[in-house]
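Colleague: Protein chains in written order, with the UniProt record's numbering: chain A, 1 to 378; chain B, 1 to 378.
Calculated directly from the structure, the hints in this document are not laboratory data.
Check before you lean on any hint, since a few could be wrong.
To be verified - Capping the alpha-carbon separation at 20 Å, the derived lysine to any residue pairs in SDA-like fashion look like this:
# : chain 1 : residue 1 : chain 2 : residue 2
1 : A       : Lys254    : B       : Leu252
2 : B       : Lys247    : A       : Gln259
3 : B       : Lys254    : A       : Tyr216
4 : A       : Lys192    : B       : Gln259
5 : B       : Lys254    : A       : Leu252
6 : A       : Lys247    : B       : Leu252
7 : A       : Lys254    : B       : Pro253
8 : A       : Lys254    : B       : Gln260
9 : B       : Lys337    : B       : Ala77
For clarity, every value in this text was computed on a predicted model and none was experimentally measured.
Number of protein chains: 2
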Amino acid sequence: MAAAAAAAASPATAPCFPSTHCTRPALISLRFSRRVKVAASTDNPSPAFNSVTAFAPATVANLGPGFDFLGCAVADASLSLGDTVTATLDPSLPPGTVAIASITSPSRPSLATRLSRDPLRNCAGVGAIAALRALGVRSHAVSIHLTKGLPLGSGLGSSAASAAAAAKAVDALFGSRLPRDELVLAGLESEKAVSGFHADNIAPAILGGFVLIRSYDPFHLIPLSSPPALRLHFVLVTPDFEAPTSKMRAALPKQVAVQQHVRNSSQAAALVAAVLQGDAGVIGSAMSSDCIVEPTRAPLIPGMAAVKAAALEAGALGCTISGAGPTAVAVIEGEEKGDEVGRRMVEAFASVGKLKATYTVAQLDRVGARVIATSNLE
Amino acid sequence: MAAAAAAAASPATAPCFPSTHCTRPALISLRFSRRVKVAASTDNPSPAFNSVTAFAPATVANLGPGFDFLGCAVADASLSLGDTVTATLDPSLPPGTVAIASITSPSRPSLATRLSRDPLRNCAGVGAIAALRALGVRSHAVSIHLTKGLPLGSGLGSSAASAAAAAKAVDALFGSRLPRDELVLAGLESEKAVSGFHADNIAPAILGGFVLIRSYDPFHLIPLSSPPALRLHFVLVTPDFEAPTSKMRAALPKQVAVQQHVRNSSQAAALVAAVLQGDAGVIGSAMSSDCIVEPTRAPLIPGMAAVKAAALEAGALGCTISGAGPTAVAVIEGEEKGDEVGRRMVEAFASVGKLKATYTVAQLDRVGARVIATSNLE
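Isolated chain A (complex conformation):
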């Protein structure tokens, strides 16, 4: 087992992540600390279980014109599109600490070795530490087992899925006491070291569905529930290409013309209205309409323009870059067209971008991070 790492004194400044997972250096002095006490809190709850396993889904952030404030959760039926964390009470560790016991990645074995087992440099570790601290746990310690279902740096919210699953598992271990926003803020501790202080992956990874991040100060999330009849599916096509968040973020324009602002804002507003009203056609076309971010990022992903065109030609309702890429996301209603759209997008990546790619057809995940197994206290 890796060295037991204590929860950070202040998760508001907890550093994070393995180098391959990080797009900027961890910022703070706790970076190399291995044993930091969880800051005293008021509660110190008793555990409700001996062990809890939680799953958190992949997420699509930005959704075109919703850059930095909209995201949604997606999952396939087998729950392979997401990360899983088991949090177990561990009396061998100092109370108030977290350790990473194991990391596995069944579909990508090499990935497990690339991820740090230092809990202060691993998304799941930071999420677990932040949740432990938010709960005020002082009398118990937790070891976690992380199973990565998502690739790194793909634009599918891999880091958020780890943090969300960890925070959810730890919270459930102690009786699911954290209010919604605190759970998201625990996950955000991890995210902020990866991609900045952006909740557009972590919020839907925890809450499921579409989530609008209205503001950070005050912290205000607006979950956007869509009608049950909306059969929204997503074709996620990930090329074999590294598009680091930092590079994608550096490509952003600093200024936008006020007309572009109005145009993008009205499309983002239309997207929100369409989600709430259950209009798949408008969801798709609004996602496709970004005139600010996508035009600067798409050229950095070989073949992206052709992939988008192929998706629309094959009958997708819309297509854009998922998060900071390189995954392309197309929207369809019902899953019938999924394979055809996926194949055409993969072909376009191959023929125009000279990139190997794989596709997955997922549906809107309305649940978010959830407990999938528990083992009782003895």
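For this one, chain A is given, so just place chain B on it according to the hints.
Modeller: Structure of chain B alone, referenced to chain A:
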């Protein structure tokens, strides 16, 4: 009666409006034409009535962060906050033409004399002409009587109300045949000469409620229906101050920082979500949150910052500039606080802006332009 003016050959280029109502000159060669045939159309419908009277409500455009793409209709119980148009078949006029028979303004008698009775230079005239043409009326002519309930240039959609009432009355006169968007486009013919090609007043003036103008090409309106339980009221405070749309528009920044864009977009998206979800608190605070347009326009309206502060202090949920101003609009839930909020805002205009002002408490008007009287064919 004023000279009968034929409907413009192409309402897509119809000029418009009395000088006091115009913020830029009418652009086209038809400006001084008095007799132009309605372009031939396919339908030439028979009239359904001898006369129809329609009312269209005041509108609040922009709503803070929804600059240029959001608006809503507001009305008081007595329907004094809007314009009324009676459209009557007039066999004394050449077929296919429109004339303005009279203009009255009971609460502001001088206003009636300031408005042109040339139908090509009057909002109601242009709206009527555009509707007549959209209907394809060739065998009948219409004279209209306009009753102005709204002041000019106040930021309450005065021109849109005239155009909406006229288009609605003419359409009803011939059996209410125009699809929703065509009716709005008829009104937009008038608007485009007043404030540019913006439908954020005319769309809610015709449709009622909140309307999102998603795009113009293709023309796509999204009405945002809010739950019936939402008891949204608006305190409209109009100072005795002229703030021409052109000057207010010239004050806009040409470029915005991408962070401002994200911030305003997320607030506009929150506003849309709150309207659909019926959250008055978020509607108010989102309306108050514009960091792009309001900061450049508010300083041009003496006392506006103090008026906003007074509204919030008196318990309003939010406050911003209505349209291009100078009216300030505050949002409250229920009308109980309306008078107190209105008085405090009027006081702030007086003490800080040195401006006399009046207030009206209105509610969200969910109906839009409506027929309020008909007289049958003989």
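Colleague: Does each hint fit the structure? Answer for all of them.
Modeller: Hints, one by one, checked against the model:
1. Between Lys254/A and Leu252/B the alpha-carbon distance is near 18 Å, which keeps this suggested pair within the 20 Å criterion.
2. With a C-alpha separation of about 18 Å, the suggested pair Lys247/B and Gln259/A falls inside the 20 Å cut-off, and the hint holds.
3. With a C-alpha separation of about 27 Å, the suggested pairing of Lys254/B with Tyr216/A is violated against the 20 Å cut-off.
4. In summary, the hint linking Lys192/A to Gln259/B is supported, as the alpha carbons are separated by about 17 Å, within the 20 Å threshold.
5. Of the supplied pair hints, the one linking Lys254/B and Leu252/A holds, its CA atoms being roughly 18 Å apart against a limit of 20 Å.
6. A hinted pair counts as satisfied when its Cα atoms are at most 20 Å apart, and Lys247/A with Leu252/B does not qualify at roughly 32 Å.
7. Straight-line distance between C-alpha atoms of Lys254/A and Pro253/B comes to about 15 Å, which keeps the hinted pair within the 20 Å bound.
8. Straight-line distance between C-alpha atoms of Lys254/A and Gln260/B comes to about 10 Å, which keeps the hinted pair within the 20 Å bound.
9. Taking the CA atoms of Lys337/B and Ala77/B, the gap is about 17 Å. The hint holds against a cut of 20 Å.
The structure fails to meet hints 3, 6 from the earlier list, while all remaining hints are met.
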